[in-house]
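Position chain B relative to chain A; hints supplied.
Number of protein chains: 2
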Amino acid sequence: MNQLIDTLLNHRSIRQFKDQPLSKEQIHTIVQSAQQASTSSYYQAYSIIGVTDEDIKQALSNVSGQFYVKDNAHLMVFCADFHRAQLNSTEEQKKTMNGNLQNTEHFIVATVDAALAAQNAAIAAESMGLGICYLGSLRNDINQVSELLQLPDYVIPLFGMAIGYPDHQPERKPRLPMNAIYFENHYANDQTLENQLDTFNNQLNNYYQNRSENKRTDSFTGQIHRKLSKPKRQDVTDFVKHKGMNRK
Amino acid sequence: MNQLIDTLLNHRSIRQFKDQPLSKEQIHTIVQSAQQASTSSYYQAYSIIGVTDEDIKQALSNVSGQFYVKDNAHLMVFCADFHRAQLNSTEEQKKTMNGNLQNTEHFIVATVDAALAAQNAAIAAESMGLGICYLGSLRNDINQVSELLQLPDYVIPLFGMAIGYPDHQPERKPRLPMNAIYFENHYANDQTLENQLDTFNNQLNNYYQNRSENKRTDSFTGQIHRKLSKPKRQDVTDFVKHKGMNRK
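Going down the list, the sequences are from chains A and B. Residue -6 is where the first sequence starts when you use my numbering, and the numbers rise one by one after that. Residue -6 is where the second sequence starts when you use my numbering, and the numbers rise one by one after that.
No wet-lab data here; the hints were simulated from the structure. One or more of the hints may lead you astray.
Since the list can't tell identical chains apart, any single copy or any two copies may satisfy a pair.
BS3-like mimics (lysine-lysine), calculated; alpha carbons at most 30 Å apart, straight line [as the list claims (entries may be wrong)]:
| # | residue 1 | residue 2 |
| --- | --- | --- |
| 1 | Lys88 | Lys241 |
| 2 | Lys87 | Lys223 |
| 3 | Lys166 | Lys225 |
| 4 | Lys87 | Lys241 |
| 5 | Lys17 | Lys88 |
| 6 | Lys234 | Lys223 |
| 7 | Lys225 | Lys88 |
| 8 | Lys88 | Lys234 |
| 9 | Lys220 | Lys87 |
| 10 | Lys17 | Lys208 |
| 11 | Lys17 | Lys225 |
| 12 | Lys234 | Lys220 |
| 13 | Lys234 | Lys87 |
| 14 | Lys220 | Lys88 |
| 15 | Lys241 | Lys220 |
Same shape as in the complex, but just chain A (with noise of 0.2 Å):
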């Protein structure tokens, strides 16, 4: 076990930020270290855009219901991007190349390509001694998002993240086990990974009645259950097309 990997494991999200600046530096390297990630046929699909502006920012927090989108030392938003290819290109060129950019491969290249820039970030960060929590919630209103951010065709931003020096230390978060993640050359059968399930369940809310703050009753299995069952985000796919990719 080295230090990297003991960072990789004392990852929690971070709500509560010090009210104390990142450098140009850091910011510098933390982009840098996204850069470098592995990107797919070497498109770099991806573009992150650094939020400063007070303004956006509240507006943002108001799409995301949540303050540490306001108050952070840094916020980043993760996009999907294939706005590039467009670029220097002639109308044939656009017209040749749209039905790749159209279909859910491309979809995947530049929705793999972000996440992956984003985990070298959330990383690089951390590793300063930093905190970061993704925002998924940007998606709660992804129109709004792309507006305030002026965001062209192939461009869709895909969460944000907020960056600072952490104002609190929350428990580290059980994970599923790793027999019901993790499975060697086949997928395991159901009735193996509902057992594991069940175990989890056990094991998750024994966490939630010990753990020091917001005890409650809950199971794995209950959450998906409940937070799958509520329609969530259903103008994600038509503004995933109306930008121009995933379409057919």
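Only chain B this time, still in chain A's reference frame:
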């Protein structure tokens, strides 16, 4: 600049591995690191298949057309996965959840979850002196990969990762200038971006002409146009829908 950031900045994809296996502990630590990545709504909506069966490795290598899918110390396949939501569920719960599971929002959730876990795995491996290569090429025949690994509904094999002790030291490939992927508050205007791409095209051409192997004349924009102009993996769209995701 700390040691962790050095590891991130020194990343290069490794495609030739020494004939030296990983220990069980190494694999365990890599998966454990993957599991500790952030996960949207605590869904942990991904799975990893470790492939050790030589026949399956050979078949996956045939799909990808790349020898290092077979010739490595360990092979993992990362999947977007909402199958666990189907377990311990009544028929009525399944029906209620389906509206969410079928939309693009939840395809993003699972794809990002898988990618964040994968990047933690990659970095954990690199911190141990191992090298990795992402294998999007498994999507060359995504149906066959799914059959080989016996993946149920709501499970999408996104990419593989070859891991092992590096047996070559490729040069670090340049990345886009930071101001072509990182913007403040608003997306950049096209003219500015086109100028940055022009600069990068020259820089990249220098890299290709001066590197130690496979010297050629090429540009970033030229590559993108060339790659995106050939229809690629058009069957991924239908495969994902067939598995129950990203349909509406």
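Up to 30 Å CA-CA - Lys225 versus Lys17, copy category: neither (37 Å within a copy, 40 Å between copies)
Intra- versus inter-subunit Cα pairing at 30 Å for Lys88 with Lys241: Answer is both; intra-copy 15 Å and inter-copy 25 Å each pass.
Within, between, both or neither, where Lys220 and Lys88 count as close if Cα-Cα is 30 Å or less: Between copies only: 14 Å across, 40 Å inside.
Up to 30 Å CA-CA - Lys88 versus Lys225, copy category: Between copies only: 15 Å across chains, 34 Å inside a chain, cut-off 30 Å.
Within, between, both or neither, where Lys88 and Lys234 count as close if Cα-Cα is 30 Å or less: both (17 Å within a copy, 25 Å between copies)
Intra- versus inter-subunit Cα pairing at 30 Å for Lys17 with Lys88: neither (40 Å within a copy, 50 Å between copies)
Within, between, both or neither: Lys234, Lys87 at alpha-carbon 30 Å: This pair counts as both: shortest intra-copy Cα distance 17 Å, inter-copy 26 Å.
Intra/inter-copy verdict for Lys166 and Lys225 if alpha-carbon distance must be at most 30 Å: Close inside one copy (24 Å), not across copies (40 Å); limit 30 Å.
Status of Lys223 relative to Lys87 across identical chains (alpha carbons, at most 30 Å): So Lys87 and Lys223 pass the 30 Å test across copies only (12 Å; inside, 39 Å).
Intra/inter-copy verdict for Lys17 and Lys208 if alpha-carbon distance must be at most 30 Å: Classified as neither; 40 Å inside a copy, 36 Å across copies.
Within, between, both or neither: Lys234, Lys223 at alpha-carbon 30 Å: both (23 Å within a copy, 21 Å between copies)
Intra- versus inter-subunit Cα pairing at 30 Å for Lys87 with Lys241: Both: 17 Å inside a chain and 26 Å across chains, each within 30 Å.
Consistency with the previously given hints fails for numbers 5, 10 and 11, ordered from lowest to highest.
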